[in-house]
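J.: Sequence:
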Amino acid sequence: MGEPELVIDYFRAIWNDMLARMSGLAALIFTLLQVFATSFNGANAVINYRRFWWIVAAICFVLTNFRIWRGEHLKLVAEQPKFILTLEHIDWSYEAPSEETIIIVALSILNRGAPSIAQGWLGSFQTGPINESMESVSLLDTWLLASPHSLPIPIEPSETILAKTLQNRIEKGALVLGRAFFALRGDRRTQLSNPTFSLVISCCDFNGTRFESDTAMPSELLTSRLVIPGEREMKLGGSSPRRAG
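Heads up, the sequence shown is in the working numbering, so the first residue is 142 and it goes up one at a time.
Honestly, the hints are just simulated from the structure, not real lab data.
A virtual CB, placed ideally from N, CA and C, is assigned to each residue, including glycine.
A portion of the hints provided could be inaccurate.
Claimed, not checked - Restraint-style ranges between C-beta atoms, simulated for each label pair:
1. E273 / G349: 17 to 25 Å
2. E312 / R373: 22 to 30 Å
3. G327 / P256: 21 to 29 Å
4. G314 / S288: 31 to 39 Å
Construct all of the structure, not just a fragment, from the sequences and the given hints.
T.: Below, the structure written as structure tokens:
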């Protein structure tokens, strides 16, 4: 739509809304002002009535512009994505060759707004007053999610929540479940075994608006093992992640 069409639409909206305002409450105000001006002001009646008319007309104009802006703003807000991230469970693995700890977060993302992809995943790991950023990891090969009491679960690169939400947009009302992989430098097994840490995961919609999960504590994340629908347990040898790029 070009600028002339936008200007025409603006004045059309002003005219339609202003007529509605001035044909209702404003018309009643004009009538009362006319009675007041002609009954109590004598020779100044016409002057006062015109002054009152311009004041009410200016008020109607301002209110009309506000109402039009408010309507367009509400429509714009309604057309924006609204992600709700919920952390469900975490696992971890220390990778000695790279001297880093891989944290695997099972989470869900619900979209209550307009359809959008999710991108720009970030994580933060906090222990006491120290807050550290976690590096997002993209898998290039199958990752075997090991457990000491059950069979490993193979996680394919296409099954991670990063791949699911980047390749396909999340429709309004849709819920996506998956796992996100993050890396922290060093051996963090002691910190993760001590329930004093907290996690926050975030991502962006297609506009770059960032959405954060609520802060999740260990008591909420270190529960019994979680198997996401579509995953399957299988007995295979160990594997390590390989990053894209």
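J.: Look at each hint and say if it fits the structure.
T.: Right, here's what the structure says about each hint:
1. E273 / G349: 17 to 25 Å: 23 Å, holds
2. E312 / R373: 22 to 30 Å: Holds - the Cβ-Cβ distance for E312 and R373, about 26 Å, lies within 22 to 30 Å.
3. G327 / P256: 21 to 29 Å: Since G327 and P256 have Cβ atoms about 40 Å apart, the given range 21 to 29 Å is violated.
4. G314 / S288: 31 to 39 Å: Taking Cβ atoms as reference, G314 and S288 lie about 33 Å apart, which means the hint holds.
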